[in-house]
Amino acid sequence: MAIKKNMRKDSPKSKKSASVKKAAGTKKTTGVQKAPKKLSLRAPEEHVFFCNDGRLFYDLKELAEGLMTIDEATFSYHVHGGNNDFSNWDRDIIQDIELADDLARADNTHEAAKYVLLRLEQYD
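When you line the sequence shown up against the numbering used here, it's residues 1 to 124, in that order.
These are computed hints drawn from the structure, not numbers from a lab.
Idealized CB from N, CA, C, for every residue including glycine.
Treat the hints with care, as some may be off.
Label pairs and their calculated CB-CB ranges [to be verified]: (1) R42 with I97: 14 to 24 angstroms; (2) E45 with D107: 24 to 34 angstroms; (3) M68 with Q122: 16 to 26 angstroms; (4) G81 with Y123: 30 to 40 angstroms; (5) N52 with D92: 12 to 22 angstroms; (6) R42 with L117: 15 to 25 angstroms; (7) Y77 with R105: 12 to 22 angstroms; (8) E121 with G81: 23 to 33 angstroms; (9) G81 with E111: 27 to 37 angstroms; (10) G81 with D101: 16 to 26 angstroms; (11) L117 with D71: 10 to 20 angstroms; (12) D101 with H80: 17 to 27 angstroms.
Go ahead and model the full structure; you've got the sequences and the hints to work with.
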């Protein structure tokens, strides 16, 4: 009775070949996060930002415009006690982590609007 050697596909030899092929086909990253390529990142209807003054923000442009015109009381309603609704919405819905981190540091409407406007410039 002859014993067959069972050469499995996941043997170390085949794993090495697969990882080399995978590594050759991947892009090199620099660690710098760029803004998403599309400016018109609109939130789906069920994920729009509901500002407590009644306005709705569907994208970063509308958020920037809103931040430039809301009063400090409205801003404070959304940013208080370590919670920042603007940052959370951006992180969870728009998914721009760098901007979300900046918004989390904003102390007032003007600073928050500045962060969003600077980020919007990167879309151009």
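How the hints compare with the structure:
no. : hint                              : result
1   : R42 with I97: 14 to 24 angstroms  : holds, 19 angstroms
2   : E45 with D107: 24 to 34 angstroms : holds, 31 angstroms
3   : M68 with Q122: 16 to 26 angstroms : holds, 18 angstroms
4   : G81 with Y123: 30 to 40 angstroms : holds, 32 angstroms
5   : N52 with D92: 12 to 22 angstroms  : holds, 18 angstroms
6   : R42 with L117: 15 to 25 angstroms : holds, 18 angstroms
7   : Y77 with R105: 12 to 22 angstroms : holds, 18 angstroms
8   : E121 with G81: 23 to 33 angstroms : holds, 31 angstroms
9   : G81 with E111: 27 to 37 angstroms : violated, 18 angstroms
10  : G81 with D101: 16 to 26 angstroms : holds, 18 angstroms
11  : L117 with D71: 10 to 20 angstroms : holds, 19 angstroms
12  : D101 with H80: 17 to 27 angstroms : holds, 18 angstroms
Checked against the numbered hints above, the structure breaks only hint 9 and satisfies the rest.
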